[in-house]
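Q: Now for the letters of each chain:
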Amino acid sequence: MSGPDFSGARLDLRDVTKIYGDVTAVGGVSLSVNPGEFLTLLGPSGSGKTTTLNIIAGFSTASTGEVTMDGEDLAGLPPHRRNIGMVFQQYALFPHMTVAGNVAFPLKQRRMPRHEIRELVQEALDLVRLGDLADRMPAQLSGGQQQRVALARAIVFRPRLLLMDEPLGALDRKLREWLQLEIRRIHQELGITFVYVTHDQDEALVLSDRIAVFNDGGIEQIGSASEVYEHPSTLFVAEFVGESTATHGHVARSGSRACLRAGELELKVDGEPPDGQAAALVVRPERVRVAAPSERPGPEENSVSGVVRRVIYLGLARKLEVEGPGGQMFLAREPAGGHSTFSEGDRVLLLWRVEDAVLLPTGAPANSADRAPAAEAAV
Amino acid sequence: MTVSPQDGGGRPSGGARLRGLGGRAWIPLVLPALLILAVFFFYPLAEIVRRSFAEIAPPGTSPFGNYQWFFDTPANLTILRRTIVTAVAVTAACLLVAYPYAYLMTVVGRRTRAVLLALVLVPFWTSLMVRNFAWIVLLQDQGPVNDALAAVGVGRQRLIGNVSGVTIAMIQILLPFATLPIYAVLRGIDRRLLQAAQSLGAPPWRAFLKVYLPLSAPGILAGALIVFVISLGFYVTPALLGSPTNALISQFIFIQVSTLLDWGRGGAMAVVLLVVAMVLIGLGSLAARRGQSRLSTGIDPA
Amino acid sequence: MAPTLVVIPMGFTAANTFQFPPSDWTLDRYSSLFSDPAWFDALKTSVIVAVLVTALATVLGTAAAFGLSRSRFRMKPAISAVLLVPMVVPTVVVAIAIYAIFLKWRFVGTLHGFVLAHTLLALPFVFVPVTASLQTFDRRLERAAASLGAPPLRAFLQVTLPSIRSGVLTGALFAFITSFDELVVSLFLGTATVRTLPVQMYGSVTREIDPTVAAASTVTLLLTTTLLLAVLFRPQREAVL
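Chains as they are written, first to last, in our numbering: chain A, 296 to 674; chain B, 87 to 388; chain C, 37 to 277.
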């Protein structure tokens, strides 16, 4: 392998904004990516993640803020001189060049000698396991193969940072799952820094060292997959990443401990949140146990009684939608092959441990005060 | 690392814009073409307009003298009328031939379609002079067409040096201009709509009339407009196959300028022709745009 | 299409008329096309003018189409319309307008006069197909090229241009034929010494009844048809490394 330093680059964004006319596409994003890290920017479309990626790549200019790579300011450096690899949506392979021609393109731009180009191209194609398709045209390849050519092309010139913009979006589920593992393997083999954009939360959870959840032009939370999933710091994160049931209400006191009061429901919560705080109690479906109405909840358990409205078979699990008091729907998931016999119309009792639910403030005044420290804490 | 969530409204865009790529980079690319058009096309056109007002036969009369002359001389109006009648006839004939042909192109297989398309395109790009010459050979008094007419007992007709020969040749020459836009529209019509109409109880001819024909209207409009406008200004065919006594307006303009050197009157006629053509094109594209927006909003055109 | 083909046998007629079908056959018409200076010079002028027009119109038209496709200017549709105007103005009007100005500038009967006039008429025929192929061009390819280290000009030459090749090629062909075939403007710009082939043909049909025109027609027909079919049925070239 040539090149003096083929380890990952460190990337820092400081307070980056992008404003188009009256629209703020990105509003004050700061994040740091460690050398060799796999960071995913996760969010719904229009949340600013792709704009952020384009600012890093140099296709879009930040309105304010600073992007540095290994401490060097990238401002004013055109994309072709940034030495950052990028895999595009739908791959953007050059249709008039062979696979080998595509992969050789960045090396030719760098005026490498022919024999070296041939060697590096072969090496890159071998890495993505396409060594024998070098002479095909892109149109003759399947979607998954095209995706891997795009990947080979983006890494063949040894960039120290690789950006990927929804690279698996156009592929079917099976292929996507396999390619996720391939990308993971290639990341580990190369040791360079990856910044990956997706709207698919499963993909983000599988691939990433850390996930930055984008919403409305800003980052809601940044943290490891388990942190983001188990300890969402905002209601948006809780609802966007994985499934959950959120019960909206106000914090109140019930005897010696805090609880959330929502209509006729009174749910025990952990910690000592301020009285009167508007908040939502979020619980993941797999933490909810479905029991017969006669069962007694434990002292550290919340219980809600309701009627099963729908049972959805998911193969590995079954999901129950249960209508609780006041018409609110609760989700519960139980492993398939269990002995549960509840079906639609049955009365049931839903139970979960107090520590398994997360209380998230929702009220406008308390919100901004609580959100930032929560995000800090999660990192 | 820190995360600062978005703080509601847009931040004041302080600090320098980092880099301004793109922006106006396109201007130097477009400018040369615009410049060459301005100097060698729009300026000359403006000059013709100027001369139509400035160069008046008895000097000192109204600046509209040339236009008054044009519209007050019966012979001129005869020529204008003949030009329009010819253009209407050519347009109608072109549509009648082009529509079925374009329809055929949409229903045949890929290979046949390529051949049919080539049959349209090759004459489209075949030298105008060559095609006119071919028509002279065919339509001359002792030519093959007259031979055939004599053989079937119709008798020889005078086909050259009058409007009929001009019309026949113009139809053949302008046919591709009608076929191509009609085909472009027909190709985009979902043929399943016809099946849908039939499944809803419309007999095939009715389905065609009520569904297919209205959807193809933009193509018909475009084709008719192009053929009509070109017919109005057609010079070569009338000059070669027609005669001075049956002149169309373009020949008349040509003579005014090249033989009589009367730039004022020639210019005035050119301006009339130009205005008619531009107004028609303007109306046509307006109608097309209106039709398009109606179709795209899904409101029934009926 | 078929009516046009009568010019081919006419090219071999021995009679000094346009009698059809010819009674006697000869190759004289072809030899006079290439030996008679009036005919050969006209053919030469036509080819030279058409080649120059093709080059000029293709470069200008492609640049304009590319520039405009990259612009986010509010007046973009208006600029496109302006570039298309020469296509819809009646040719006679264009002809006398250009004639008026070129008389003043002494461009009549000159090579550059023909080239400039034909370039105007050819511009829209390049602009339209190139614009069309740019519309289907995936701009991410340019970004990809940049991210792989290609500066803008090289990205255009190595990635954009090959992708819109068919539009540019079509435009170039149209430009060539537009010029090679142009008659009305050329009738004004032509002189006894400098004229294009269609002008020479026009003269021979209207004044001289010289059957050499049939030979010239056949040559023109062959040339344009071959070019057109070559572009239409061009085998999709497989790019090499």
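None of these hints come from the bench; they were simulated from the model. All values reported here derive from a predicted model rather than from experimental measurement. Heads up, a few of these hints could be off.
Below, computed lysine to aspartate or glutamate pairings styled on EDC-like, alpha-carbon distance capped at 20 Å [said to hold, decoys possible]:
1) Lys563(A) x Glu596(A)
2) Lys140(C) x Glu141(B)
3) Lys563(A) x Glu595(A)
4) Lys469(A) x Asp497(A)
5) Lys140(C) x Asp348(B)
6) Lys614(A) x Asp504(A)
7) Lys563(A) x Glu581(A)
8) Lys614(A) x Asp565(A)
9) Lys140(C) x Glu133(B)
Example chain A residues on the side facing chain C (calculated, C-beta under 8 Å, incomplete) [to be verified]:
10) Phe354
11) Gly366
12) Ala370
13) Pro374
14) Ile379
15) His391
16) Arg405
17) Trp473
18) Tyr608
The C-beta atom is built at its ideal place from N, Cα and C for all residues, glycine as well.
Q: For every hint, state whether the structure bears it out.
A: The hints, checked one at a time:
1. The suggested pairing of Lys563(A) with Glu596(A) holds, with an alpha-carbon distance near 8 Å, which does not exceed 20 Å.
2. As the CA atoms of Lys140(C) and Glu141(B) are separated by approximately 16 Å, the hinted pair is consistent with the 20 Å bound.
3. Among the hinted pairs, Lys563(A) with Glu595(A) is consistent with the structure: their alpha-carbon atoms are about 8 Å apart, no more than 20 Å.
4. Simply put, Lys469(A) and Asp497(A) have alpha-carbon atoms about 13 Å apart, close enough for the 20 Å limit, and the pair holds.
5. Restraint check: the Cα-Cα separation between Lys140(C) and Asp348(B) comes to about 16 Å, which is no more than 20 Å; the hinted pair holds.
6. Our distance criterion of 20 Å between C-alpha atoms is broken by Lys614(A) and Asp504(A), whose separation comes to about 29 Å.
7. Taking the CA atoms of Lys563(A) and Glu581(A), the gap is near 19 Å; set against the 20 Å cutoff, the hint holds.
8. Of the supplied pair hints, the one linking Lys614(A) and Asp565(A) is violated, its CA atoms being roughly 26 Å apart against a limit of 20 Å.
9. A hinted pair counts as satisfied when its Cα atoms are at most 20 Å apart, and Lys140(C) with Glu133(B) qualifies at roughly 11 Å.
10. For the restraint placing Phe354(A) at the interface with chain C, the shortest Cβ-Cβ distance is roughly 5 Å, inside the 8 Å limit, so the hint holds.
11. For Gly366(A), the shortest C-beta to C-beta distance to chain C is roughly 22 Å, which exceeds 8 Å, and the interface hint is violated.
12. Interface restraint check for Ala370(A): the shortest CB-CB distance to chain C comes to about 16 Å, outside 8 Å, so the restraint is violated.
13. Of the supplied interface hints, the one on Pro374(A) holds, with its beta-carbon coming within about 4 Å of a beta-carbon of chain C, less than 8 Å.
14. Hint status for Ile379(A): holds, given a least beta-carbon distance of 7 Å to chain C, under 8 Å.
15. Proximity of His391(A) to chain C holds as hinted, the smallest CB-CB distance being about 4 Å (cut-off 8 Å).
16. The restraint placing Arg405(A) at the interface with chain C holds, with a minimum CB-CB distance near 6 Å, inside the 8 Å limit.
17. The criterion of a C-beta within 8 Å of any C-beta in chain C is not met by Trp473(A), whose closest approach is roughly 24 Å, and the hint is violated.
18. Proximity of Tyr608(A) to chain C is violated relative to the hint, the smallest CB-CB distance being about 40 Å (cut-off 8 Å).
In summary, the numbered hints that this structure violates are 6, 8, 11, 12, 17, 18.
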